[in-house]
Amino acid sequence: MNFLKIFFRGISLLPGVVQSVEALFGTKSGAQKKEAALHLVSATINITDALEKKTIIDAPSFSSGLGTIIDGVVACLNASIWHKS
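Read the sequence shown against this note's numbering and you will find it ends at 126, with the numbers running on by one and no gaps.
Honestly, the hints are just simulated from the structure, not real lab data.
A couple of the hints might just be wrong.
Taking lysine-lysine and the BS3-like style, the derived pairs with C-alpha atoms no more than 30 Å apart in a straight line are [unchecked claim]:
(1) 95 to 46
(2) 94 to 46
(3) 95 to 69
(4) 95 to 75
Label-pair distances were calculated between CB atoms; the ranges are [as the list claims (entries may be wrong)]:
(5) 64 to 93: 31 to 39 Å
(6) 93 to 69: 13 to 21 Å
(7) 67 to 44: 27 to 35 Å
Just so you know, even glycine gets a beta-carbon here, dropped at the ideal spot from N, CA and C.
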């Protein structure tokens, strides 16, 4: 499977992952929940395989980018009806 298919599959899972992490770790800090979501998405898109196949050449930057996307998903969910006030 080419890298873009793997990447977009991981991205498509983010809203569900964020909601699941919120349900499981609701009392934890935002940083801890973000880290849990990042680990789940990273495992899902097989970052280890991508690193071995050299489709990801800068893992820290890739993880940072995923973290930014997770922040964006959280911001969108918090701005929606999903967010409980």
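Each hint tested on the structure:
1. Using a Cα cut-off of 30 Å, the hinted pair residue 95 and residue 46 holds, with the two alpha carbons roughly 16 Å apart.
2. With a C-alpha separation of about 15 Å, the suggested pairing of residue 94 with residue 46 holds against the 30 Å cut-off.
3. Proposed proximity of residue 95 and residue 69 is contradicted: the alpha carbons are some 35 Å apart, above 30 Å.
4. Restraint check for residue 95 and residue 75: the C-alpha separation of about 26 Å stays at or below 30 Å, so the hint holds.
5. Judged by the Cβ atoms, the range 31 to 39 Å given for residue 64 and residue 93 holds: they are separated by roughly 33 Å.
6. Between residue 93 and residue 69 the Cβ separation comes to about 31 Å, which falls outside the hinted range of 13 to 21 Å.
7. Checked against the given bound of 27 to 35 Å, the beta carbons of residue 67 and residue 44, roughly 33 Å apart, stay inside it.
Taken one by one, the earlier hints fail for this structure at numbers 3 and 6, listed in ascending order.
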